[in-house]
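Asker: Sequence:
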Amino acid sequence: MIDNKIKKVLILGGGPSKIGSETELDAAAFQMMTALKKNGVQVLVIDNNPFSLTLSEVQPANVFIKEINLKNVLDVIKKEAPDAIIPIAGGLRAIHVTQELLNQGILSDLGVRVLGISKEALKVINNPDKMKIAINSIDEPAVPSKIVRSESEAFEVVREIGFPVNIKKVNHKESTERIICNNAEELSDMLEDEFEDDSVCIIEKSIVGYKQIETVAVRDQTNTKILISGLENIDAVGVHSGDSIVISPVQTLGDIEYQSLRTATFKMMDLLNIVGLCHIQFALDPNDGSNYYITKINPMIHSSSALSARSTGYPLVYVCTNLLLGNSLPEIQLHANYHRLTPIMEPTLDHVVIKMPVWPFDNVPEANQHLNTTMKSVGSTIGVGRTVEEAMLKALRSSQFSPRDVLPSMYEISSDELISQLIHPKSDRLLVLIEALRRGYQVDELEELTKINQFYFYKLKELLDVEELIIKEPMKLSTIEVAHDHGFGDGMMAETWHQPIEKVRELYHAAGEYPTYKAIEPSAGEFDQNIRSFYSSYEIENESSQESEKTALVIGRGGNKLGPNTAADYYTAEMLIQLHRIGYKTIVMNNNPNALSLSPQISDKQYIEPIQLGAILNIIELEKPVRVFIPGNRHFLLKQLKKYTDLNVQVLPPDQETGVVLPKDVTYALNFFVTQDESYFISTEKLISNNKSDLDYVTAYETPYVLDDEALQRDIEESKSHIQSSNWIGLVQILFNQNKKGESEYVGIRPLRLTETIFLSRATGINWVRALVRFYTKRLDINELMKNMPDMSNRVTHMQATFPFKQLNVKVDHANSSQEVGAKIKFRLVDDK
Numbered sequence: 001m002i003d004n005k006i007k008k009v010l011i012l013g014g015g016p017s018k019i020g021s022e023t024e025l026d027a028a029a030f031q032m033m034t035a036l037k038k039n040g041v042q043v044l045v046i047d048n049n050p051f052s053l054t055l056s057e058v059q060p061a062n063v064f065i066k067e068i069n070l071k072n073v074l075d076v077i078k079k080e081a082p083d084a085i086i087p088i089a090g091g092l093r094a095i096h097v098t099q100e101l102l103n104q105g106i107l108s109d110l111g112v113r114v115l116g117i118s119k120e121a122l123k124v125i126n127n128p129d130k131m132k133i134a135i136n137s138i139d140e141p142a143v144p145s146k147i148v149r150s151e152s153e154a155f156e157v158v159r160e161i162g163f164p165v166n167i168k169k170v171n172h173k174e175s176t177e178r179i180i181c182n183n184a185e186e187l188s189d190m191l192e193d194e195f196e197d198d199s200v201c202i203i204e205k206s207i208v209g210y211k212q213i214e215t216v217a218v219r220d221q222t223n224t225k226i227l228i229s230g231l232e233n234i235d236a237v238g239v240h241s242g243d244s245i246v247i248s249p250v251q252t253l254g255d256i257e258y259q260s261l262r263t264a265t266f267k268m269m270d271l272l273n274i275v276g277l278c279h280i281q282f283a284l285d286p287n288d289g290s291n292y293y294i295t296k297i298n299p300m301i302h303s304s305s306a307l308s309a310r311s312t313g314y315p316l317v318y319v320c321t322n323l324l325l326g327n328s329l330p331e332i333q334l335h336a337n338y339h340r341l342t343p344i345m346e347p348t349l350d351h352v353v354i355k356m357p358v359w360p361f362d363n364v365p366e367a368n369q370h371l372n373t374t375m376k377s378v379g380s381t382i383g384v385g386r387t388v389e390e391a392m393l394k395a396l397r398s399s400q401f402s403p404r405d406v407l408p409s410m411y412e413i414s415s416d417e418l419i420s421q422l423i424h425p426k427s428d429r430l431l432v433l434i435e436a437l438r439r440g441y442q443v444d445e446l447e448e449l450t451k452i453n454q455f456y457f458y459k460l461k462e463l464l465d466v467e468e469l470i471i472k473e474p475m476k477l478s479t480i481e482v483a484h485d486h487g488f489g490d491g492m493m494a495e496t497w498h499q500p501i502e503k504v505r506e507l508y509h510a511a512g513e514y515p516t517y518k519a520i521e522p523s524a525g526e527f528d529q530n531i532r533s534f535y536s537s538y539e540i541e542n543e544s545s546q547e548s549e550k551t552a553l554v555i556g557r558g559g560n561k562l563g564p565n566t567a568a569d570y571y572t573a574e575m576l577i578q579l580h581r582i583g584y585k586t587i588v589m590n591n592n593p594n595a596l597s598l599s600p601q602i603s604d605k606q607y608i609e610p611i612q613l614g615a616i617l618n619i620i621e622l623e624k625p626v627r628v629f630i631p632g633n634r635h636f637l638l639k640q641l642k643k644y645t646d647l648n649v650q651v652l653p654p655d656q657e658t659g660v661v662l663p664k665d666v667t668y669a670l671n672f673f674v675t676q677d678e679s680y681f682i683s684t685e686k687l688i689s690n691n692k693s694d695l696d697y698v699t700a701y702e703t704p705y706v707l708d709d710e711a712l713q714r715d716i717e718e719s720k721s722h723i724q725s726s727n728w729i730g731l732v733q734i735l736f737n738q739n740k741k742g743e744s745e746y747v748g749i750r751p752l753r754l755t756e757t758i759f760l761s762r763a764t765g766i767n768w769v770r771a772l773v774r775f776y777t778k779r780l781d782i783n784e785l786m787k788n789m790p791d792m793s794n795r796v797t798h799m800q801a802t803f804p805f806k807q808l809n810v811k812v813d814h815a816n817s818s819q820e821v822g823a824k825i826k827f828r829l830v831d832d833k
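So for the sequence shown, my numbering puts the first residue at 1; every next one is plus one.
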């Protein structure tokens, strides 16, 4: 039953996106906010992520745009006196702040509770020694390790646990590097070096090559527990789980092995008194699945919990929030779309979901592309299908970011390099495996080289057989049917056959064949549920039908890459919300499991498909949207869609498809909202570059940029002249450069970028995405909008991009906007320094 004493809650946000945390934390915070409000709880939020949807959807008086640190969180608590805080949607930073508050006795003094993570869990999750003791206390296995102070002690440990072993430092904050030793000679050499640097080290059993399995479960205060999902990493221990290809449900464990992990998960949740969700990682001996170790415990929102929710259709965050408020699992009442027993039923899947990592190396070529225990991927995509093969190929297509829908090849790789990459994987791991099979490598030798289970090589061989069929039997209906069943797209076949995609589609449409769509729901069809998330198949029964006569389709960005992608996902989500508010039924197409825009509260229907022309056209044929929106600048996709003249396609921000030659040097800009009749001045903006004033390297923004009245009026008039001759509408930015003498000159014009549109929304307090949506659907009262423009002369808003260089262990002297991983924002008074 809901605890009525909880009337006001502070959610600690996740801060700027980074490697290991993109938009899943804010998506969870947004869903928590929705559930808390539904239960009558007032919601406060603290965060400094400008691309946070939660910040936009909470009442401004309850929003605190500040960095998540002890001082700022304590200031908010003292000012607002919440009954509880929720740190589990804020990542490790929020957890560390919560630990400090508890350790200092501040929360107990102020009568503030912590929801979602217990004191017991806080004590162990970042302390390997205490975690090992906790795991062993319930007769579950932790990876054997011991602190040693001499070579003789080290060899004594090795006699107990056997080779191979890892050597690592005691102070894990200083270094997390593990040095693997396979024999006594290697160990002796490495210990000599290690003891030169430090008087102690840790000897740990090496589990490189073990299977990586993850579980996600929930537990209520009455000790009722259910397992939401098991996740199998295709890559073995030695590759960070965030960089591995992941599949759900688990494919290569027997029931006894799986049930052992389920039991261990529940025992750990009981021990740590977790009320809410928990994610646990296991390492299993590939030769004996009954021999396993618990390697990590995450009692908080994580990319794996987001994947579990997306792959099962189970409303994980909504259920978890209700548990935090005191409800038991049987007491939770879901939306009418769900069966009443859904909260207490362990999900069962009739589909397969595969997650594929997305890499930063195109934008940061200096980074080491070899995969190891340090996470390097910046995002992921998923493929959903009836079979492993179909899901695998859909995930691969989605991760390639090719609107042409072509399967890349590694045919140019040398034999020596191929063997090297099989043993020491790099980011193009899956393509290397496919190439090895093409060259005749046997499955058993590939398993030995890669430590990947044979099962997956047989699935890849099946895909190669279908590829060969496509090559040998072109433009045949039977070929297309087999290809579709295995996840091949129309664009792939069209490219292989040197035919327009329309010819391929006409061939199977003439035979009456169209894709059908299946719901992603947690009961495998056992319960009658109206879940609104779908994937395509080519079976007989279609579980999706046209949503409405008045729908808007918004095409998401897919997997998160470096650049403006987190901003684009926020922008997509905001568009969906605003379109719904003006009367459209909204449909989103995306394949990023961590996407804000796939939150079920935001749209009426979600399609998880590759963002490629054939898949888009299939959805359009079924849904018949009156408008198709494309957030951001995707020239090829837009060009292809505009060939279909019956489609009402709109790019937002507008005019992104218009090529503009921009200058290298720029100092500041003037921002305008432009209609067909008038140009309305909004603000001045300083463009801050870390490479002199090169526009390509502008990664920080500040408003206002101070000009005297005469100079400002002169720039406004000149800007309006250039706007009038450009014929651009919407949000438009006029660029100026100021020389050393202080003289300014006009140097360019461009549509306002995604990131700066959001920055402008934060600076002015006006939702400019809302304004653009209303403007392009002819529902904007421009005079009312400009009447609400605030006086910004006394407050400075500063937004700074953040970068992944430290996590990638590279030094980049001059970062550019294509290397951004996120951003942070802050405000100050003009007179403050």
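By construction, these hints were calculated from the structure, which means they are not laboratory data.
Bear in mind that the values here come from a model prediction, so they are computed numbers and not experimental data.
Incorrect hints may have been included.
[Unchecked claim] Computed cross-link-like contacts, DSS-like style, restricted to lysine-lysine with a CA-CA straight-line distance of at most 25 Å:
{"hint": "1", "residue 1": "K296", "residue 2": "K806"}
{"hint": "2", "residue 1": "K664", "residue 2": "K811"}
{"hint": "3", "residue 1": "K169", "residue 2": "K740"}
{"hint": "4", "residue 1": "K461", "residue 2": "K451"}
{"hint": "5", "residue 1": "K550", "residue 2": "K642"}
{"hint": "6", "residue 1": "K78", "residue 2": "K826"}
{"hint": "7", "residue 1": "K37", "residue 2": "K132"}
{"hint": "8", "residue 1": "K296", "residue 2": "K169"}
{"hint": "9", "residue 1": "K123", "residue 2": "K79"}
{"hint": "10", "residue 1": "K5", "residue 2": "K78"}
{"hint": "11", "residue 1": "K18", "residue 2": "K461"}
{"hint": "12", "residue 1": "K37", "residue 2": "K8"}
{"hint": "13", "residue 1": "K132", "residue 2": "K71"}
{"hint": "14", "residue 1": "K79", "residue 2": "K7"}
{"hint": "15", "residue 1": "K461", "residue 2": "K624"}
{"hint": "16", "residue 1": "K686", "residue 2": "K66"}
{"hint": "17", "residue 1": "K550", "residue 2": "K778"}
{"hint": "18", "residue 1": "K472", "residue 2": "K426"}
{"hint": "19", "residue 1": "K686", "residue 2": "K740"}
Asker: Which hint numbers doesn't this structure obey?
Answerer: 3, 7, 9, 11, 13, 15 and 18
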